[in-house]
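Protein chains in written order, with our numbering: chain A, 1 to 567; chain B, 1 to 440.
Take these hints with a grain of salt, some might be off.
To be verified - Looking from chain B toward chain A, a few residues come up when the C-beta cut is under 10 Å (computed):
#1 Gly26
#2 Arg145
#3 Gln184
#4 Trp188
#5 Glu214
#6 Ser277
To be verified - DEER-style ranges, computed between Cβ atoms:
#7 A:Ile556 / B:Glu412: 54 to 64 Å
#8 B:Arg142 / A:Leu361: 39 to 49 Å
#9 A:Asn154 / B:Arg142: 25 to 35 Å
#10 A:Asn154 / B:Phe161: 17 to 27 Å
Simulated from the structure, these hints should not be mistaken for lab results.
Since this is a predicted model, take the numbers as computed values, not measurements.
For each residue, glycine too, the CB sits at the ideal point set by N, CA and C.
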Amino acid sequence: MTVALAARSAPAATRGQLALAAGIGLFLFLFLALPTAMVVFVAFTEKGTGQFTLVNFVDFARTDLFVRSFWNSVYVSAMSVVWASALALPLAVLTTRFTFRGAVLIQTLGFVPLVMPPFVGAVAMQLLFGRNGTVNLLLDDAFGFKIPFMEGLNGVIFVQSLHYFPFILVNLSASLRNIDRAMEEAAQNLGSSGFRLIRRIVVPLAMPGFVAGASLVFVKVFDDLATPLLLNVKDMLAPQAYLRVSSIGIADPMGYVISVVLIVVSVAAMWISTLALKGKDYATIQRGGGGLGRRTLKGWENLAGHAVVIAILLLVLSPHIALFLLSIATIWSFSPLPDAYTLAHYNRVFAESSLYIKNTLVYASLAGLIDVIVGTAIAYLVLRTRLVGRQWLDWAAMAALAVPGVVLGIGYLRTFYGVTLPDGTPLAALWIVIVLALAVRRLPYALRACMAALQQISLALEEAAENLGATKARTVRRIVVPLMTGGLLAGFVTSFSTAAVELSATLMLVQSNSDAPLAYGLYVFMQSSNGRGPGAALGIIAVLLVTICTLASHYIVERRHIGAGGR
Amino acid sequence: MIGHIAAALIAGLFAASSALAQAPTGKVTVVTSFAKDVTDPFKRAFEKAYPGATLEVQNRNTNAAVKFIEETKANNQIDLMWASAPDAFEVLKGKGLLQKFQPKATGIPAKVGSYPINDPSGAYFGFAASGYGIMWNERYARANRLPDPAEWQDLAKPVYFDHVAIASPARSGTTHLTIETILQGEGWEKGWRTIKELAGNFRQVTDRSFDVPEQVNSGQVGVGIVIDFFAFSAQAAGFPVKFVYPSVTTVVPANIGIVANAPNKAGAEAFVEFLLSPTGQEVLLEPSIRRLPINPAVYVKAPADYPNPFKDARFQKMITFSADTSESRTAVVDTLFDQLISFQLAALKDVTKILHDVDAALARKDNAQARALAKEARDLIAAMPLTAQQASSKDVTGAFTGAKEKGARQAELEQQWAAFAKERYAQAKTKAADALKLVR
């Protein structure tokens, strides 16, 4: 916040930009780089003596298991991008290029898979797609065979594609909406149509959004440990790091070495994705045309379109359907459906959940807000200024994706627990620290969305404003930010909703039940057989919460859009 | 050291006198790995017994709890650490993060099974006993025609192939104790042979203790190697699961300890006393908890079929367990398990499957040459990269604790052991495949 003020009040543009860059740099240093370094430095020290050494990295390259894990992770991430794109493309295109009944609902529902509550989500997935899940039990009964959905690397790719495709959907849709109809009409006037129109106009102009989403999917899958562990795949990099960092009292540097490798690969992937967009101009001058021209689907086209959408939604939402069944099930064990149904689990969590919901809403929306502000600032600095080293802000922020939550959690304790307030409470015991940890962990999501949004705005619009006498700050406020709304919202929603179910860093930082978010409450239930139902009920509450907030923000944007178009 | 003890004594005296003078009040903060189902009944009972005191429960997994106490020691806000795994308490004790205390509770014996209930130096105290055993899903067993298991060795039979789950001992202190029990009960070489024979049938090696009962509850895995209360509480919740204690096992206590510089020391001590008192012990019998009290008198109030480690013949047979031996090689045993089994499970299962097929064929028609080849293959699988002596030697353990003198690094040893097993498993597979050709 103070950062934005500094930029506004500074008279000289470059000084304002410098102050902004310094502020963002300080934020990233204090809440990301420093805490991470406090933990990860072990990777560069010799065990026992603590002297500086690089031998641990040599060991990494010499260990078969790690090398195999590395290539497995690369393979799984790349394939997940392919499959996630296959799921996201039809939804994005159908809802933005055609007048489609319930487009907002589809956009919202297509977003929900990103919100998979920890632990209980895994149980629901197993009950549905596992070896003895609903699908396989029915298949075995009817045809005498099973499909190994959730086995090995292909299982990881399957689950990750379902889980993370919304990254592509959200960013691609935002991009498609931002393409001006005039571009399409101009091309049509010049005789282009069909595939040529798509290839030469739509695809290139939607590229920033797609690359933003795809790179997020790649890095996120590369760094995700929950899914491989759920599927019992251990020879991937992130699980290897987790298995080591989380062993009791073990002073093994290799866990931290892997963390460093994860961070380096994530930054490299981001760098490659910027290369892919480099030297091309994605901005268009006209605004407010309301996105691409929307065709109306007729007859069987309409039917086929809806069939595709419904099929995809059923597939990607199936874990949530299973989760819902679990939350109203008495016992669900080795059977296609639960034995009986009950509302008792909701009753049990009802009393406590209002506190959890309040905390979750406060934490996640604050984190989302911080992310959008910081994300916009970084995007502006990177794309609109010539500051030396501005790219590093982008990369540093993206590195947050690769820092395991438990590492960040320990780092926060190490950095901020020694700092006490006047009354002796440690700084790290305040709930605001949880918000900061969530904001830093989810910053990459918002940042990519902000970047894509700004890339599509022509510099000419800003220059025009400045020629008319507006200051830089006023231009940002009156021209840039309003034109970025769609992207900013995409960023906020992604950060908000994933922050709402974050657990790994939260688990380290929550220090009293009254400060606990939903994910923590869920964890507490999911440690016993009796707690499975209540845990699922809390999970459903979290998903509903996020869905309602997402739906609300989509409606707000749609209304703004219509308002702007009519002017 | 003497000063430390003196300080502890004085502090203890003060605490005792203040406890007599006034009931403990205020917030007692406990960090625990136990589920809400376990902590809630204790919270209610404790707050009823001590009006004015509130129990603030912070849930973290055991590892996160240890890390948390370690990282925040400069400004400690935690009064108690409450968890199952004794090794977590050993780590805390080793770093001087536990406060010594002498509970006044009476009627608690020195040992449960062959395991001492309390830490000899008084840093932490057992409050409940748990034994390891085999849990299985009845519906799963029926559908896959699995017989009821009774002993660890049963799980190595061909019928259980791909049906068994276990938590990795590196991340589950209780599983570690089970592995160590088998190693001490059968000896290093024979013990590892047994463990690898079981492992050939594993469906998965999970990363959390609770994942095993969760998978069995869901019916994703048929049989799990679990700690007893997971099975008892699952039964109480209505899941179609059964449980048995094999004859070679051990009962171990779950523990509580007072954190050094506890902000509410009087409250912390009161909670420990409460936990060990008959009222506190009876809470353990609740259906959602179902752990074994360590006060033998409390079993009078237990349901009829409740296992009693102080009376039950099964528990009397349990072997003696040397905590020192276990302690000296903890990291080595865990790493061996991960490198030889967890991370090579596919290869190990591959060859095990072929050997099961060979056995089946041999049972129909004997063939001496094939029998010999199969035995060679089994010996190759059972081979260990180091002996029991080496496992406890300074050269090897130093690589894990970070000894000052230069030795092999942990990563180097891991790579050596993994390569050793990979090569042996591949050779074993060739031999087993040859044997199969002979009998087909």
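Tell me the numbers of any earlier hints that the structure contravenes, in ascending order.
1, 2, 3, 4 and 6
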